[in-house]
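K.L.:
Protein sequence lines, in the order shown, are assigned to chains Y and E. The first sequence finishes on residue 375 if you use the working numbering, and the numbering steps up by one all the way, no holes. The second sequence finishes on residue 697 if you use the working numbering, and the numbering steps up by one all the way, no holes.
Any given hint could be a false lead.
Quick partial rundown of chain Y residues pointing at chain E, CB under 8 Å, derived from the structure [as the list claims (entries may be wrong)]: (1) N141; (2) N143; (3) F149; (4) V153; (5) A157; (6) P204; (7) K239; (8) I240; (9) S256; (10) F281; (11) L312; (12) T319; (13) V326; (14) M329; (15) M330.
What the hints contain is simulated information worked out from the structure, not anything from laboratory work. Note that this is a predicted model, so its numbers are computed, not measured. Using N, Cα and C, we set each Cβ at its ideal position, and we do this for glycine too.
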Amino acid sequence: MFRARSIQSSLSFKDKIISLDYVLIFSIFILGLVSILAMYSTDGGELKYHTNSHIIRFFVFFIMFLILSFIQIRFWHSQSYLIYLIFFILLLGVKYFGLTSSGSKRWLDLYFMNLQPSELMKIGLILFLAKYYHRISIENINQLRFLFLPIVVLIAPLILVATQPDLGTALLIAAGGLTVAWLAGVRVKFFAISGLAFLALLPIAISFLKPYQKSRILTFLNPERDPLGAGYQIIQSKIAIGSGGLFGKGFLQGSQSYLDYLPEKHTDFIFTLFSEEFGFFGSLFILLLYAVIVWRIVKIGNVTRSNFGKLYCYSFATAFFIYVVVNMMMVLGLLPIVGSPLPIMSYGGSSMMAIMLGLGIVMSCKVYKDTPVN
Amino acid sequence: MLSPSSGNTVIKSKLISRRMFLLTAAKAVVMFGIVGRLISLQINEKSKYKSLSDKNRYREWKLAPERGVIKDFFDKEIASNEQVYQVHLIPENSKDIEKLFVRLKTILEISDQRLLILKKIIKKQKPWEPIIVSDNITWSEFSRLNLFLHELEGVKPVVSVARMYPDNSSAHILGYVSQVSAKDLQTKKYLKELHVPGMSIGKTGLERKLDEEIIGKIGFQRYEVNAFGKRVKQIQINEGQAGKSFKTTLDFEVQRYTNELLKDKAAAVCVMDIYNGDIVSLVSSPTFKPNEFVHGLDKDYWESLIKNKMRPLTNKTISGLYPPGSTIKTLVALSALENGIIKPLDTFTCKGKIELYGEKFHCWEKDGHGIVNLRKGIQRSCDVYFYEVARKLGVDRLSETAKKFGLGKKVLKGFIEERPGVVPNTKWKKKFIGQNWYLGETLHSGIGQGYFQSTPLQLCLMTAQIANGGFEIKPRILFDKKNDNLKNYIKYKNDNPNEPLPTDLLVSNFELKPLFKNQEHINLIKDAMYSSSNEPGGTSYRHRLEDRKFTFAGKTGSSQIKRFTEEQRAAEVKQESLPYKDRDHALFVAFAPYDDPKYSISVLVEHGGSGGKTAAPIAKKVIKKVLERHELRKKANRHIGENV
């Protein structure tokens with residue numbers, strides 16, 4: 002063990018550079034370029050506000066991702082709880098000092114950017130639980146007293162985010178946390194029980210839902226219920242994607258988005274816009290890029306020696322995959338509109354920051370794959 | 054080397070990998086689901102979404118087509134189009150409609166009433182649909198509007214075309230155009246695809262009959278619009294197609310001349326070519342101003358039209374029903390000859406009246422005509438002679454002949470205002486009045502009174518068919534170069550009744566239908582009519598034309614409004630001394646020139662008294678005018694024939 006440690010600590014800078022996963026970096030870079038093209042199209046083919054700030058954000062956070070890759074995996078492990086705590090405090094801060102926009106309080110004004118801590122919490126929770134399950138022994142995993150802390154750290158931010166209100170992000174945070182618990186070996190029966198409990202509490206939860214949230218769910222079940230109101234987004238998104246056909250209408254030719262039929266085209270519906278302009282093959286290309294990214298993250302999880310690294314990479318890969326498919330299924334009319342951005346593609350600094358942070362940690366798992374964390 | 058803790062780690066690591074494998078499988082399933090959805094939307098249902106997207110994207114504005122023109126026989130436009138200046142408004146382009154209207158009122162003449170209607174329309178339709186603020190403004194208003202246009206956001210000055218009638222003389226037969234009504238949209242199928250707001254359609258006369266073809270095809274402007282309905286750019290423009298133009302058989306000069314003759318009278322004149330049925334003139338008086346209907350009718354003008362006792366809106370030539378009076382005597386005599394009831398030289402004695410079952414039947418000549426045969430009966434229009442003939446003939450045989458000659462049915466196609474009239478007989482009375490026929494009524498029918506009802510056009514047709522030797526013709530108002538050699542055809546047929554037709558005549562493809570059994574009978578009637586107009590004692594002798602080129606043969610008539618009482622008869626009350634509305638309608642029918650008949654004419658003057666005094670002088674002038682223009686007409690006709 003000592004020997005192994007000495008090998009790891011003696012990694013030269015050149016070794017570290019070589020051990021980076023270039024397929025992953027390349028895929029992310031390509032996706033970033035594609036997202037800039039899409040953003041350029043939402044601005045009507047001009048370099049306007051959204052495109053400019055998206056370009057800046059992408060490159061800033063892409064560089065941050067590369068830099069984070071060289072931070073010791075041990076650091077991430079040792080500071081996991083602290084990171085979670087910081088994010089949690091930021092979430093609390095939103096509750097008291099947050100900015101309100103279109104009826105929900107999600108952002109903190111940091112002067113140079115508006116930070117959405119709930120996005121960061123997606124990573125924070127995974128980090129926390131990865132460390133937690135790394136540390137407890139396999140016998141204890143399914144002991145009730147060891148389940149207590151995970152439930153608390155899961156529920157607490159969930160309540161804060163859901164009451165912002167931002168149901169979509171709350172559910173995505175939960176998805177990440179539950180993935181870690183599942184991978185660590187928490188028994189199926191606990192998931193079943195909590196699922197049943199969730200169902201039992203559902204009527205109460207629904208009574209807490211805002212009218213617009215209820216309407217979204219009803220509208221998902223039948224979009225034609227109110228074609229000019231809540232169903233409008235789903236219908237227009239399906240029209241845009243469907244009318245794209247095999248090859249799409251061409252770059253900057255998406256009439257649905259160009260003529261403002263498409264709602265939220267910078268953020269949640271960026272895939273719709275891309276799909277309208279580049280058609281089925283364009284959509285497949287995006288899907289392929291995401292699949293490669295997920296595959297590379299899982300591969301890094303496979304080669305990482307520590308269970309912390311494995312748990313983190315697998316969970317992040319799964320969460321990332323869920324973010325992608327939830328967004329896509331939403332714009333394809335397969336899920337209700339819950340408001341979840343498409344990683345990297347969507348306009349939004351916090352989401353970009355959180356994803357790049359998550360990817361940075363993944364890359365550090367790759368660089369320090371043989372380093373024991375404790 | 055392996056510590057217990059490291060063994061634990063390995064087990065844990067294996068557990069993690071196993072569970073990850075399950076998750077990966079689940080991911081693959083979800084991926085396939087998404088790809089499947091993309092295939093279904095972008096490949097299977099592509100066309101559906103494509104059309105939905107286009108529907109989102111494009112919006113069309115319809116453009117009213119230019120109405121076809123109507124020309125007379127000499128290609129003069131009698132219903133044409135003129136350039137008009139209009140004000141359109143697209144409500145969504147205006148920030149403040151109320152303010153805009155206030156400003157517009159200072160530039161244009163718009164009534165408050167019109168503004169209220171406009172506001173109602175704006176509320177009803179989509180904000181991007183244009184409305185027509187005013188469809189006919191003057192040039193000075195139009196130029197002022199253009200000057201202030203920068204202050205009038207949403208307002209569009211438009212140069213358009215609208216119907217214009219150069220003259221009022223043909224108002225009735227041409228009809229008029231006016232805005233489409235809600236009822237029109239329900240009843241007229243062709244308007245469903247054609248309708249453009251602000252478009253005019255034919256409401257009466259030829260304008261209505263030809264509406265479907267004369268309207269033309271609408272054009273459209275296709276715009277790309279954004280989600281808020283704002284026009285982004287024009288994609289396509291289709292000007293539409295102007296409506297088909299039509300040439301009629303009318304002679305504008307004769308129309309104008311006749312209309313002037315009839316001024317201040319409630320009267321009607323029809324002139325027809327006796328060989329091909331071409332209607333040369335069809336005038337109803339008093340006339341109205343059809344141009345007033347094009348851009349929304351003025352209320353006062355409308356009131357003045359509907360309150361006028363002379364009924365200027367009624368086309369008296371085809372919608373006015375009058376007892377044919379003595380003009381029917383030609384057919385009574387013909388029917389009696391054809392049925393072998395009388396011989397031309399059979400006589401009756403007229404003592405001024407006859408009595409039948411205690412009822413007295415008077416002749417218009419109180420002292421009687423003495424001994425009367427057929428020729429004298431028609432020449433003097435002796436009522437007693439025709440009472441006797443009618444009694445022998447019976448009403449059913451008379452009605453058969455009358456119907457054959459075109460009475461009692463519509464003779465033009467496609468005019469909703471045309472009325473069929475009545476040719477009474479025993480069956481008709483049983484059916485419509487529910488009573489048996491009395492012999493006395495046969496006597497009244499014999500002089501064209503009682504139940505008989507006919508239009509001036511029917512009487513003109515009747516006369517034409519006598520004049521051409523007894524052959525059926527179909528009156529027509531639209532020019533058709535076919536049947537032009539009918540005259541030769543009839544002549545050939547008369548000269549060689551049993552010969553097959555030479556091929557050059559067959560080309561005309563005309564079905565010749567004789568209305569007689571013995572053409573000699575027709576000639577007897579024509580001769581009697583000649584004597585009525587041109588021999589001393591004839592009822593219209595005073596108004597004859599002596600120049601053989603113009604000499605006509607006619608028959609007078611008057612249709613009774615009110616029966617004379619015995620006291621009035623005894624006092625020899627004259628028509629002129631009766632109140633206007635109680636006076637008889639004056640009638641006159643004729644054909645000319647007698648030696649080579651070409652045209653027939655019917656003249657009606659409502660409450661004009663006797664036909665010989667008021668109707669015949671009008672006929673005389675019109676006949677002269679028509680015959681003077683005959684050579685021109687023939688030339689115009691030949692010219693067209695050559696071109697085709």
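K.L.:
All hints, please: hold or fail.
P.N.:
Okay, the hints, checked on the actual structure:
{"no.": "1", "hint": "N141", "result": "violated (11 Å)"}
{"no.": "2", "hint": "N143", "result": "violated (11 Å)"}
{"no.": "3", "hint": "F149", "result": "violated (20 Å)"}
{"no.": "4", "hint": "V153", "result": "violated (23 Å)"}
{"no.": "5", "hint": "A157", "result": "violated (25 Å)"}
{"no.": "6", "hint": "P204", "result": "violated (28 Å)"}
{"no.": "7", "hint": "K239", "result": "holds (6 Å)"}
{"no.": "8", "hint": "I240", "result": "holds (5 Å)"}
{"no.": "9", "hint": "S256", "result": "holds (5 Å)"}
{"no.": "10", "hint": "F281", "result": "holds (4 Å)"}
{"no.": "11", "hint": "L312", "result": "holds (6 Å)"}
{"no.": "12", "hint": "T319", "result": "holds (6 Å)"}
{"no.": "13", "hint": "V326", "result": "holds (5 Å)"}
{"no.": "14", "hint": "M329", "result": "holds (5 Å)"}
{"no.": "15", "hint": "M330", "result": "holds (7 Å)"}
The structure fails hints 1, 2, 3, 4, 5 and 6 (numbered hints given earlier, in ascending order).
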